[in-house]
Amino acid sequence: MSDRLTARNVFVAALLALLVLLPAYTHATGNTFIMTLFTRIVILAIAAVSLNLIMGFGGMVSFGHAAYLGIGGYVVGILAKEGINAGLVQWPLALLLSGLFALGVGALSLRTRGVYFIMITLAFAQVVYYVANGLDRYGGDDGLTIQARSQFGGLIDLSNRTLFYYLCLALLLATVYLVWRMVNSRFGLVIQGARSNDRRMRAIGFPTFRYKLVCFVIAGVLCGLSGVLLANHTNFISPALMHWTRSGDLIVMAVLGGMGTVFGPVIGAIALLVLEETLPHLIGLGSYLVTGKEVAAAKEYWQLILGPMLLLVVLFARGGIDGILARLRRD
Amino acid sequence: MLYLIEQCLNGIQLGMLLFLLAAGLTLIFGIMDLVNLAHGSLYMLGAYFAATFVGLTDSFLAGIALGLVATLVAGMVMELIAIRPLYGRDHLDHVLGTFGLLIFFNELVRLVWGPAGLTISLPSEMLTAVQVLPGVYYPLYRLVIIMATLAVALLLYLLVMRTRIGMLIRAGASNREMVGALGVNIKLLYTLVFGLGAALAGFAGMMQAPLAFVQIGMGENILILAFVVIIIGGIGSIRGAFVAAVVVGLIDTMGRAFLPDLVRHFVSYSAGSSAGPALSSMLIYALMAAVLVFRPEGLFPATGK
Amino acid sequence: MTDALLQIEGLTKRFGGIVASENVTLDLRMGEVHAIIGPNGAGKTTLIGQLMGELTPDAGRIVFDGQDITALPTYERSLMGLARSFQITSLFLDFTALDNVALAVQANAGHSFRFWRDARTESVLREPARAALARVGLGHRADVLAANLSHGEHRLLEFAMALANKPRVLLLDEPMAGLGPEESARMVAMLRELKRELPILLIEHDMEAVFALADRITVLVYGRVIASGALEMIRANEEVRQAYLGEQEAVHG
Numbered sequence: 001m002s003d004r005l006t007a008r009n010v011f012v013a014a015l016l017a018l019l020v021l022l023p024a025y026t027h028a029t030g031n032t033f034i035m036t037l038f039t040r041i042v043i044l045a046i047a048a049v050s051l052n053l054i055m056g057f058g059g060m061v062s063f064g065h066a067a068y069l070g071i072g073g074y075v076v077g078i079l080a081k082e083g084i085n086a087g088l089v090q091w092p093l094a095l096l097l098s099g100l101f102a103l104g105v106g107a108l109s110l111r112t113r114g115v116y117f118i119m120i121t122l123a124f125a126q127v128v129y130y131v132a133n134g135l136d137r138y139g140g141d142d143g144l145t146i147q148a149r150s151q152f153g154g155l156i157d158l159s160n161r162t163l164f165y166y167l168c169l170a171l172l173l174a175t176v177y178l179v180w181r182m183v184n185s186r187f188g189l190v191i192q193g194a195r196s197n198d199r200r201m202r203a204i205g206f207p208t209f210r211y212k213l214v215c216f217v218i219a220g221v222l223c224g225l226s227g228v229l230l231a232n233h234t235n236f237i238s239p240a241l242m243h244w245t246r247s248g249d250l251i252v253m254a255v256l257g258g259m260g261t262v263f264g265p266v267i268g269a270i271a272l273l274v275l276e277e278t279l280p281h282l283i284g285l286g287s288y289l290v291t292g293k294e295v296a297a298a299k300e301y302w303q304l305i306l307g308p309m310l311l312l313v314v315l316f317a318r319g320g321i322d323g324i325l326a327r328l329r330r331d
Numbered sequence: 001m002l003y004l005i006e007q008c009l010n011g012i013q014l015g016m017l018l019f020l021l022a023a024g025l026t027l028i029f030g031i032m033d034l035v036n037l038a039h040g041s042l043y044m045l046g047a048y049f050a051a052t053f054v055g056l057t058d059s060f061l062a063g064i065a066l067g068l069v070a071t072l073v074a075g076m077v078m079e080l081i082a083i084r085p086l087y088g089r090d091h092l093d094h095v096l097g098t099f100g101l102l103i104f105f106n107e108l109v110r111l112v113w114g115p116a117g118l119t120i121s122l123p124s125e126m127l128t129a130v131q132v133l134p135g136v137y138y139p140l141y142r143l144v145i146i147m148a149t150l151a152v153a154l155l156l157y158l159l160v161m162r163t164r165i166g167m168l169i170r171a172g173a174s175n176r177e178m179v180g181a182l183g184v185n186i187k188l189l190y191t192l193v194f195g196l197g198a199a200l201a202g203f204a205g206m207m208q209a210p211l212a213f214v215q216i217g218m219g220e221n222i223l224i225l226a227f228v229v230i231i232i233g234g235i236g237s238i239r240g241a242f243v244a245a246v247v248v249g250l251i252d253t254m255g256r257a258f259l260p261d262l263v264r265h266f267v268s269y270s271a272g273s274s275a276g277p278a279l280s281s282m283l284i285y286a287l288m289a290a291v292l293v294f295r296p297e298g299l300f301p302a303t304g305k
Numbered sequence: 001m002t003d004a005l006l007q008i009e010g011l012t013k014r015f016g017g018i019v020a021s022e023n024v025t026l027d028l029r030m031g032e033v034h035a036i037i038g039p040n041g042a043g044k045t046t047l048i049g050q051l052m053g054e055l056t057p058d059a060g061r062i063v064f065d066g067q068d069i070t071a072l073p074t075y076e077r078s079l080m081g082l083a084r085s086f087q088i089t090s091l092f093l094d095f096t097a098l099d100n101v102a103l104a105v106q107a108n109a110g111h112s113f114r115f116w117r118d119a120r121t122e123s124v125l126r127e128p129a130r131a132a133l134a135r136v137g138l139g140h141r142a143d144v145l146a147a148n149l150s151h152g153e154h155r156l157l158e159f160a161m162a163l164a165n166k167p168r169v170l171l172l173d174e175p176m177a178g179l180g181p182e183e184s185a186r187m188v189a190m191l192r193e194l195k196r197e198l199p200i201l202l203i204e205h206d207m208e209a210v211f212a213l214a215d216r217i218t219v220l221v222y223g224r225v226i227a228s229g230a231l232e233m234i235r236a237n238e239e240v241r242q243a244y245l246g247e248q249e250a251v252h253g
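Residue numbers (this note's numbering), protein chains in the order written: chain V, 1 to 331; chain E, 1 to 305; chain R, 1 to 253.
The following block holds chain V by itself, in its conformation from the complex (with noise of 0.2 Å):
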């Protein structure tokens, strides 16, 4: 037993507690800033999972990853701008869109490797991007609003922001198992063997091509099933959730998360989204506590830490948060 008590799955736990805990607080101290934050974070963190898939144990770096956030987003408001609103019509659609849309991509840039790989990823989510900036009927690039979001008939009412978060939650600790389960199966061998050294797959008998495509499909439905989430959530898409420097930001998120497991990333989620809401404070209680004034502009530039923190991540702490406590334990 004691050594499952390690630093590393002592924080694991104490973050899902507060996962599953934050509601009370939410209801006691009356701040629902906390809970819509938290709600973006669970949802993006399932998008940063299905991404780690197919990067870090897949080995394949896409940059277009944030194209199914909008694929998933734009079928439910599409549709709910055409009048359907049923969530059992919406959410199956987006997801087999996104599927569609990663079986298309996967199939003609899972032919080149590494940084080719990236480029082509990048261009088709700049495709996609495109597209929707030219939808005028659904907003072009000024967005869609989403009046109301997906009806489940009595079910289940998404309005209700306690259920919602619930939902969330529950889809992403699903999202967390799945894939926990598919990389230690079979099939989750064969990805990671690929990563490691695909000839020698190729050469003992395995066809990588078609086991790397489903697993970059399954990736593209789990972020598609994201993008309708936060499309609920915020009642609002536009084409500047699928620019290339969004799938930056999952990137960022999985790395600095860790991309070794598949928690990692939901670690790198709470991570960057608390620090982007919490360091310009800090950083405006430190310039007051140093000059004696709160120096407004510093708490906007926060963004000025991210950039060399993220650059020092990747030059000394490669393993990401998880990394570093995984570490802890061996001291």
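Worth double-checking, as some hints may not be accurate.
Unchecked claim - In silico contact screen, one side only, chain V against chain E (beta carbon under 10 Å); selected entries:
1. S109
2. Y116
3. Y129
4. M309
Bear in mind the hints are in silico, worked out from the structure with no lab data behind them. By construction, the Cβ of each residue, glycine as well, lies at the ideal position given by its N, Cα and C atoms.
Mind docking chains E and R on chain V? Use the hints.
Only chains E and R this time, still in chain V's reference frame:
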């Protein structure tokens, strides 16, 4: 017809700017095997520096010259501090590390120059149109861009083909280990090459600046096009970058100019307005995909890999 | 010719101006070790590359068990029973030794579109893997990360993977490379045992091993076959001695 010629020239002009960016990128990628997402940041810095110096000195030329120096220095400092530790690592590390730099520079620019962006106004002599063909007039400034870039291309050609440093660059592009074995000061060479790339990118940024806005993030979109150019042209090949840049510039410009009308004509009016820009990008990416499938080393691969 | 499991006819491969393989014809029969020797750059590794389908020959064909496999992709040839070991060790360094071999077993254990069960608990994969490791003498190192094994252990692991891959033919690319005298002797003993079960195409520089194991020898120089035949015949061949063996004997004294 007039419109066609004008768009053609615009396409070439865009191609020239793309070439400046792509030449630096392809050199850095070919010689140092480094994927640099922050290259667009140097493009942006060039524009901001030039705008500032033009404002300070009231002279367009002085502004450009000072801007170039500033960008060169900025590039070399970037290389020394942030890029050096990345050499030899895998491409994902490069992508992540330079993505961090990209974020950093966007915020730094916002800190120093504010979020609103700047403009550069051209000296009045440049604000005329010149007759390029009987009855066809084209803005002088855009012609200047084309001429200036051609001059730079020529200088680059002379540098790479006729000087000792150029020989090292060519050797490095086709065989990295060899150059190290020759006892050349690799670190210095890398810093110089990076600086050269930075200057080229900055030059492109400042040339472009009077035509559009100088704003945060201006480098991002054109950076992707530049990557497409070097993939089509061939990594490490300046000649490839030139040809591919002109092709891509033409496709992008002509696509935006004529595809919407074509679509309107054959499909519907609204489809034309929405689909137009997307279609011309799709064409470019389709070309890149085709190159990757049929000729992955690019159209003019650097020899010897 | 009829009991030749693997037939190579007129294989030719050029890289620009360099001819790596020129009209190479040879075969591999049941129950034999057929060694391929030749100086560096003779095209031996290119030959294996073409046999496995990583390189496409410009001319010629490859017939395995009566079937023309010249156009077949690598993974299909592997599934048919062509197993190779790599000259420069090509392992899954971030997996354990057992995981490495288990993957080779998995490749032949049906499709891998199974998403739920932990593959490391499947005895149908783990048992044959352990057996293969034990056979090459690495049983006690099963749970060590491949990256932490010694070079000699890497060569053994390479070999174990080839064995676990349900091979009908073994293509070994310099299995002795980098092994000390003890390890080499062990490898030779293993191969001698193995040749009763499987035909082996052996590319080697280590002439002691070649003379201890080979039934037939083919000599490749600059991509061409300059001699091919029984062991004793080759040993006595003047041309071969001068072109190749002569150098070797001078070196070994």
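Hints, one by one, checked against the model:
1. Using the Cβ-Cβ criterion of 10 Å, the hint placing S109/V at the interface with chain E is satisfied: the shortest such distance is roughly 9 Å.
2. The beta carbon of Y116/V comes within 6 Å of a beta carbon in chain E, closer than 10 Å, and the hint placing it at the interface holds.
3. With a cut of 10 Å, the hint placing Y129/V at the interface with chain E holds, because the nearest CB-to-CB distance is about 9 Å.
4. A hinted interface residue such as M309/V counts as satisfied when its beta carbon comes closer than 10 Å to some beta carbon of chain E; here the least separation is about 7 Å, so the hint holds.
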